[in-house]
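Starting from the known structure of chain A, fit chains B, C and D onto it as the hints suggest.
Residue-level listing of the chains:
4 protein chains.
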Amino acid sequence: MVKVGIIGSTGYAGAELVRILLNHPDAKIVWYGSRSYKDEPYASVYGSMFELVDDKCLDDDMDKLAEAADVIFTATPQGYCAGKVSEGLLQRAKVVDISADFRIKDAARYEAWYGIHHPTPEFLPEAVYGLPELFREKLSGARLVANPGCFPTCSILTIFPWVKAGFIDPDSVIIDAKSGTSGAGRGAKVQNLFCEVNENIKAYGVATHRHTPEIEDQLAIAAGRPVTVQFTPHLVPMNRGILVTAYAKLLRPVTKEEGKELLDSFYKNEKFVRVLPPGLPAETRRVKGSNYADVGFIIDERTGRLVLTGAIDNVVKGAAGQAVQNMNIIFGLPEDEGLNMVPEIF
Amino acid sequence: MVKVGIIGSTGYAGAELVRILLNHPDAKIVWYGSRSYKDEPYASVYGSMFELVDDKCLDDDMDKLAEAADVIFTATPQGYCAGKVSEGLLQRAKVVDISADFRIKDAARYEAWYGIHHPTPEFLPEAVYGLPELFREKLSGARLVANPGCFPTCSILTIFPWVKAGFIDPDSVIIDAKSGTSGAGRGAKVQNLFCEVNENIKAYGVATHRHTPEIEDQLAIAAGRPVTVQFTPHLVPMNRGILVTAYAKLLRPVTKEEGKELLDSFYKNEKFVRVLPPGLPAETRRVKGSNYADVGFIIDERTGRLVLTGAIDNVVKGAAGQAVQNMNIIFGLPEDEGLNMVPEIF
Amino acid sequence: MVKVGIIGSTGYAGAELVRILLNHPDAKIVWYGSRSYKDEPYASVYGSMFELVDDKCLDDDMDKLAEAADVIFTATPQGYCAGKVSEGLLQRAKVVDISADFRIKDAARYEAWYGIHHPTPEFLPEAVYGLPELFREKLSGARLVANPGCFPTCSILTIFPWVKAGFIDPDSVIIDAKSGTSGAGRGAKVQNLFCEVNENIKAYGVATHRHTPEIEDQLAIAAGRPVTVQFTPHLVPMNRGILVTAYAKLLRPVTKEEGKELLDSFYKNEKFVRVLPPGLPAETRRVKGSNYADVGFIIDERTGRLVLTGAIDNVVKGAAGQAVQNMNIIFGLPEDEGLNMVPEIF
Amino acid sequence: MVKVGIIGSTGYAGAELVRILLNHPDAKIVWYGSRSYKDEPYASVYGSMFELVDDKCLDDDMDKLAEAADVIFTATPQGYCAGKVSEGLLQRAKVVDISADFRIKDAARYEAWYGIHHPTPEFLPEAVYGLPELFREKLSGARLVANPGCFPTCSILTIFPWVKAGFIDPDSVIIDAKSGTSGAGRGAKVQNLFCEVNENIKAYGVATHRHTPEIEDQLAIAAGRPVTVQFTPHLVPMNRGILVTAYAKLLRPVTKEEGKELLDSFYKNEKFVRVLPPGLPAETRRVKGSNYADVGFIIDERTGRLVLTGAIDNVVKGAAGQAVQNMNIIFGLPEDEGLNMVPEIF
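Here the protein sequences line up with chains A, B, C and D, keeping their order.
Position 41 of the first sequence, counted from 1, bears residue number 41 in the working numbering, the numbering being contiguous throughout.
Here the working numbering = 1-based position in the second sequence + 346.
Here the working numbering = 1-based position in the third sequence + 692.
Here the working numbering = 1-based position in the fourth sequence + 1038.
Wrong hints could be hidden among the right ones.
Cross-link-like lysine-lysine pairs, in silico, DSS-like; alpha carbons within 30 Å at most [what the hints assert, rightly or not]:
id	chain 1	residue 1	chain 2	residue 2
1	C	Lys830	C	Lys960
2	D	Lys1287	A	Lys256
3	D	Lys1227	C	Lys881
4	B	Lys510	C	Lys941
Worth flagging that the hints you see were computed from the coordinates, not collected in a lab.
The structure presented is a predicted model; accordingly, all values stated were derived computationally and were not measured.
Isolated chain A (complex conformation):
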């Protein structure tokens, strides 16, 4: 039984972790960390958990936590985890960081995009980018995992194989992404009030969104050289889900069959990636509440472009579900344990 501690358990990613882990046969939450709700019953913050969680929220004492838990999930603002991690801590507990602190290998690049100082760059080389479909082997036994961002998870799974195969020009990639509002977190901000979000759609962070370098770094691995992409996220009036629509110049004509074969082959052992039939666009509803990523493609012969679509549940495959998938791999558990949720019909 893996003992789990969660820092930031009352945020949305943290709460989804709770929801998933309550049904995980080999894990047990021993620490519900939440500075904001310290000493309050967890179920008073999330009424869903009434009678399912009796614990109260605890503060975020990483040291005590490392004694109590085998693994610590940090579902916290940027900078927190990097400020706490240490050799001593990692010797006592594994860390799956759901923030961005260890996703970007180049500390200067991290600091440029995030605008904050990285206090512990010495752990960047060790940190494993926790996208199991690409880095499963490195994850086994890892001490420090950088759980990927929601947009990067969806973007990379959707685009990586095409870059890797050399079918598209990586610098032509334009990612137009759409996210449900849970991606904005649970902070009390006017811009995230119901009446401000409902019946509206808008782009944000155009040309500056901090998930851009994370996507570029991974696609660079596929390309074998640095890559620059255009990334634009949008806020959609729904709770969950990310849809990526990506555009790229084909480097040569590709048939539907070739494309399908590419994806089928790339993801042939991947339970959580579902390759859609050619021509069928992904929809967020089809993966809602599950750990699946659906990826699809349409070849536009008229324009010579490839239109790629990918969908995930931002809170599951884009955060808590993927974190549990990483935990399962770290501890040698079946990778899908606790993650067999069937996507919701609506």
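For chains B, C and D alone, kept in the frame of chain A given last:
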């Protein structure tokens, strides 16, 4: 041209006032008051107003405002208006208070339900309850108008005629009300975040909601004696609209025709109240964006009860629209000026 | 392994059955019945099921189905199941009817409210009303189960104990219910289009809704005499969930402690009913995606009334989840098998 | 007073026409055409219009209509208007066709994209593409106006000036568009039911959407040569609004100031186009319920691309509002008459 000052112009009721008044032929906003956004361009708070409002937000100096404006709308938290009103102020400007400060004639009753001290009870007798359909004569020339609450507006228009006519037992009245989320205001609270409100419905303030005494006081006028009602509001995942479903014991059998005749007669000169055909329930969509109140009834012979339904747009007839209607009456303008919005089709 | 056939598997209740049963360790779907989508892959109707269900939809041949399945779920329009059930069929397969055909014991009453002829009233005495919290013993080994309606499930669980205990006057009960739009089914009707439902709330079926007699019949069991209730459903712009707000006259003063003790005692062995602390209203979000029913109460001393609130997920505890719970009992499986979904955080 | 007839008055574009024209001082609807609801009171189809429209729906007899009306709006499926228009008809009444029949000058191109035969190509040369911001002079006195599509209106207003000025490579243009669900019309289709649309986002018509050639034809005018664009629409769970996010390669470095100057100059006399400050993305909420088009731009120096955003209300500037704007121009009325709706705050 009536010069208008708005205190609290960046709240939802205040902003809807702005929207309505921009198309009012005989009114002009001279003061966009907003403590929170002082010195910021109004259009940076509400992007809708881009190029339509060039003004910056001003502070809430009631004294200066009384010099600049003919009428002051206070779209403010409870207690603000009562703390500012004075004989000197009322001699210089009319006040339409969109808060609850002057709605309840008995200061002790106000204090008991609202839990705050009333600093200026001496103005309670003068204040006119601004429901034009009931008190039009008193409004003409009034100096201080208590603009009714959203739930009370809808509840009273729906129920008053039946109590007045003696068709129902007023103490049997149960009001089950449903409100769009704009009713919760624009404060940055976790409970009003998109993800907390969307895909949920809940009751709140059960047995304790502060609109209860306001409804009772008005129905008491209809009954000619004190009245106790049951009032339960619910929060609905939509932006606008209030639906009231009210239940009452019939004191004697009533036919559809009698009921229709009662309402038609009661509201025969009321442009903004639309009497629905017997059996047709009101829907919030049918009044959305307009100053209309739709009222309907169903006689349930099986149970001996009357089921009343009423719908308004909480931000229009339930707040800003009614405030403008009151302003029009005070200044002798046509009552519907600026208020001829056709309800939206969706 | 229980072999399951579903008639109407492409409706919303049918599809939720599929979703639940895919994770049920002791059940296997052998027949995806759907007249509308016959011969089409099930996953082409519900993209969520892509790669999870490979079967095609089959027609609704009850006889063949009785050969193939141990239990048949009929998620069909009223009249279908009653027209197909026979002694021969019931000897070969259990039937859990998700329609209303066998919920009302008095055929004449059924016919009066539903406006259709009941062709097989001879099975009404045998049919067990499938609310396990009330009729668990009768369900064990039953051949024909009438799965309760969504509104009745929520209403009865919320109100029954209070009537049974004699705390309230049953004829004073007024049920104001609110339902997500999935309750309206998957039929292609203009009134259920997104733009018609979104940003609107309305009552429907006032004084005439067909769940009324079903609720009355069960509360009559509690009261030991016939009961007449007022029932008004409303359509809410959300996918899932039913909220019941019920009002009743207290027959004598009741304390919070007495009320809590009553519910705790009544539901002490019921995993799927959660008794809320006194004063806390139920919310649909707290049970979303789960088989839980939350029940709560508020005593209004001012009015002498009890305000009861209850919440379920209409598609789970109000339909498919309860059907699986009934199946588990019929076949002697653990009652919660396949039903341990933690309610969603949003 | 312009006498107006509407064919298809019960569809969403038709109903919005009604809503707008009811407040138009110089127009009067004389014919509410609706084959589906013939002889039914218009207000029974749209409860919003209760007591505002007393007329019944009439059939779609174009000949009779041409006698009764000065202008006919055809808010009808593709093919209808082209099948009815004739010299005789145009001599008696102006026609503003809200369908696509006369938007594409090349009948073969129309037939290829729409898959239907064009019966009256002889009127294509005469038909004026009704985007007043580009073709105002031709509209004055026109007999046959092709009211632009919703996506084309938003796309063209957003992109045209940049192509015209030679700042961007027109063939590099990628338009990722997002539309509220009213764009799908009022047909009773499963895919447009509330539960199918809500909490979902998806692309549709990828590489094949029929608004593509319409956009290309207009941008070709700006470019002075044929243009190929990538166009992908998405369905968003909201009622109203279109957001266009467009990407294009800059042909040379451009400063914010140059860009702003370009747009300010291009749209300097255009009341209904609002040029946003550089860097501020458009939002659908900011134009909701109004005839405004907001256009903005962000220069991404890192990628060498221009990111353009544009927002309209698809039912107003994208359909009914623009149709009224065209009517005003045709008849020499002030262009903004009846169109001064302030955008909604939510």
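Lys510 (chain B) paired with Lys941 (chain C) [C-alpha distance capped at 30 Å]: OK: Lys510 (chain B) and Lys941 (chain C) at ~24 Å, within 30 Å.
Lys1227 (chain D) and Lys881 (chain C): Cα distance at most 30 Å? holds, 7 Å
Taken at face value, is the distance from the CA of Lys256 (chain A) to the CA of Lys1287 (chain D) at most 30 Å? Distance ~28 Å between Lys1287 (chain D) and Lys256 (chain A) Cα, so the pair holds.
Next pair to validate is Lys830 (chain C) with Lys960 (chain C); report whether the Cα-Cα distance is within 30 Å. Holds - the C-alpha atoms of Lys960 (chain C) and Lys830 (chain C) are around 19 Å apart, at most 30 Å.
Hint compliance for this structure: no hint is broken.
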